[in-house]
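Number of protein chains: 2
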Amino acid sequence: MNENVLGIVAGVLTSASMIPQLIKVLKEKNVKDLSLVMLLVLITGVSLWVWYGIMKDELPIILSNAFSVLVNLSLLICYFIYRKS
Amino acid sequence: MNENVLGIVAGVLTSASMIPQLIKVLKEKNVKDLSLVMLLVLITGVSLWVWYGIMKDELPIILSNAFSVLVNLSLLICYFIYRKS
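So the sequence lines, in the order shown, correspond to chains A and B.
Numbering-wise (this note's numbering), the first sequence opens with residue 206 and increments by one.
Numbering-wise (this note's numbering), the second sequence opens with residue 206 and increments by one.
No lab work stands behind these hints, which were simulated from the structure alone.
Hints may be right or wrong, so weigh each one.
Since the list gives no way to pick out one identical chain from another, each pair is judged satisfied if it fits inside one copy or across any two copies.
Claimed, not checked - Calculated lysine-lysine pairs in the DSSO-like style (CA-CA distance at most 30 Å, straight line): (1) 289 / 237; (2) 229 / 261; (3) 289 / 229; (4) 234 / 289; (5) 289 / 261; (6) 289 / 232.
Please work from the sequences and hints to get the whole structure.
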């Protein structure tokens, strides 16, 4: 497989992986088994990838990670809405 | 910040983000709110990143994503052990 195609497929999969998790949380309104630390570390990490992409001027890195930031921020908001206090 | 340092910090954070999730699952033995589809898509994605790293001969990409494969495979095994049938 061409390495650019491979990189794009890999990037789409890792960026999109949290969408099924977000859908599950929105449906079941339950986040008890999700790790808040995981979400915070992940959001920090993908935000830094966006910054890295901006510095290197690499649009695919910027776009895929900015998308991940959005999905994971949504998941974080759901976490605080749905956690049992 | 130097862009290589930034890339390394970002890579370590995104690779390590699933460790707190794995620890939580091992402690609480509960995976009801985790999405199996998320795990499968993520493992496929990071595996393709390892392949990409091998093709581009970029050791940081290979190592950080191989580490992610290990953590997420452990989480997948836990998923099947702890899900209520």
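Consistency of the hints with the structure:
| no. | hint | verdict |
| --- | --- | --- |
| 1 | 289 / 237 | both (8 Å within a copy, 15 Å between copies) |
| 2 | 229 / 261 | neither (35 Å within a copy, 36 Å between copies) |
| 3 | 289 / 229 | both (17 Å within a copy, 17 Å between copies) |
| 4 | 234 / 289 | both (10 Å within a copy, 18 Å between copies) |
| 5 | 289 / 261 | neither (42 Å within a copy, 46 Å between copies) |
| 6 | 289 / 232 | both (16 Å within a copy, 19 Å between copies) |
Comparing the model with each numbered hint stated earlier shows that hints 2, 5 do not hold.
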